[in-house]
Structures are given as C-alpha cells and as structure tokens.
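Chemist: Residue numbers (our numbering), protein chains in the order written: chain A, 54 to 167; chain B, 354 to 465.
No lab work stands behind these hints: they were computed from the structure.
Cβ atoms here follow ideal geometry from the backbone N, Cα and C, with glycine treated the same way.
Treat the hints with caution; some may be incorrect.
[Stated by the list, open to error] Derived list of chain B stretches under chain A, where covered just means 3 residues or more per stretch with a C-beta under 8 Å from a C-beta of chain A:
#1 380-386
#2 390-398
#3 456-464
Given next are the chains, with one letter for each unit.
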Amino acid sequence: NAGVTQTPKFQVLKTGQSMTLQCAQDMNHEYMSWYRQDPGMGLRLIHYSVGAGITDQGEVPNGYNVSRSTTEDFPLRLLSAAPSQTSVYFCASSWGAGWREKLFFGSGTQLSVL
Amino acid sequence: SQQGEEDPQALSIQEGENATMNCSYKTSINNLQWYRQNSGRGLVHLILIRSNEREKHSGRLRVTLDTSKKSSSLLITASRAADTASYFCATDETGTASKLTFGTGTRLQVTL
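Produce the complete structure using the sequences and hints provided.
Modeler: Now the structure itself:
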C-alpha cells in the first residue's frame with residue numbers, strides 16, 4: 054500500500070492563479086481531511102470529509118474548495134491564490150469508526166504564492 | 354485559538370538522555386495523541402491515551418495524562434539521534450464536530 058499520496062510536492066503560484074492539490078489514499082479510509090501548517094501555528098483544519106459525497110468546513114476554509122466523488126480521492130482547490138495561502142499542506146485519512154484515534158498523513162505539499 | 358500548547362518549543366539533548374515534552378489543552382477531551390514529524394515529512398502517529406487513562410507506554414515512549422490539570426507529557430527514554438524531529442500533541446475534544454486539534458509542537462534535537 055502506498056498510504057496517502059499527495060501531489061505535487063512543491064508548487065509556486067502567482068497571486069490570483071488557481072490550482073488543485075491532489076490527495077489519494079489506497080487504504081479504503083472513509084475520513085479524509087486537509088490541514089495547513091504554518092510556523093508557530095501548528096496544524097489547522099481546512100476541510101474534511103466523512104465519506105464520498107460528504108464534505109464540511111474546518112477551522113480555516115476561506116479560499117479553498119473541496120469535493121469527494123470517490124473514497125480514494127480528496128482534492129483541495131485554491132480558487133484565487135493569495136500570499137496568505139503560502140503554507141505547507143497536509144492531507145490525512147483514517148477509517149470510519151476510529152478516525153479520531155489515528156490519522157495517516159501524506160508527505161505534504163509546499164506552496165508558495167508570490 | 355490553539356487547543357494544545359507544547360512546552361518547551363525546542364529541546365536539545367545528547368544521545369542517551371531522556372526527553373520530556375509537555376502539552377496543555379483547554380477543554381474536555383475524549384483522547385489525546387502524540388505525533389512525530391521528521392523534517393520535510395508528514396506526521397506519524399505515536400501513541401494515544403484516553404481520558405480515563407493516566408499513563409501509557411509504548412517501547413521507549415511514556416505518556417501521562419492529567420485531566421484535572423488539562424495536561425499531558427511525553428517522555429522518550431534513552432534518546433537516539435533518529436528521534437530528532439518535531440513532536441505534536443493532538444486532542445479529540447468532546448462535543449466538537451469531526452476534528453482533531455493540534456498543538457504548536459516541540460522541536461527535539463538529539464546530538465551524538
């Protein structure tokens with residue numbers, strides 16, 4: 054199993070550009086989530102999904118969209134990139150009943166918005 | 354605001370010494386977890402302690418939880434250079450919808 058796979062690993066955008074961060078997991082996990090990590094801030098939840106077709110907002114959802122059409126994939130879309138979205142983004146997944154007890158993380162996407 | 358606050362922010366020790374890091378939180382929890390993050394990598398789950406437990410061991414890791422003080426500690430015994438990483442606590446707060454709340458982390462440096 055590959056676990057949680059994030060692409061790309063690095064990305065540079067100009068202000069106003071849009072892009073999609075990809076996240077895929079091969080563990081048949083129902084729960085998937087996106088976090089951003091900023092220095093001194095820890096990880097903050099952006100959006101999460103408890104199953105295909107179900108998504109909800111986290112702590113810092115503004116400027117981001119998500120969809121969950123399959124169990125495996127949970128892409129994060131930046132609609133119009135801003136310098137404040139410069140961060141490291143992590144996708145995480147877990148199984149349904151135990152999702153609050155152990156998250157599996159991808160290796161992250163480092164995004165710079167100029 | 355952050356639920357978990359780790360202390361210290363950074364810790365430097367020599368190989369073979371013990372490393373202790375602390376986490377304080379603000380609200381009632383179902384469980385508290387510790388994760389490790391190596392530089393440039395994702396977080397890896399280390400250990401979970403439930404709200405009705407006071408101490409838990411896993412290999413060289415020892416976690417304690419004091420719900421009356423809303424605090425937890427992670428002890429790594431006989432540290433190795435490979436333990437160099439950032440360590441985060443995460444809390445599953447009671448009554449919240451579908452999220453874990455992460456602290457700001459402790460950066461541990463283990464030197465030879």
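Chemist: Would you mind marking each hint as holding or not holding in the structure?
Modeler: Comparing the hints with the structure gives:
1. 380-386: Holds: 3 residues of the stretch 380-386 of chain B have a Cβ under 8 Å from chain A.
2. 390-398: With 6 residues close enough to chain A, the hint holds.
3. 456-464: Result for this restraint: holds, n = 3.
In summary, this structure violates none of the numbered hints.
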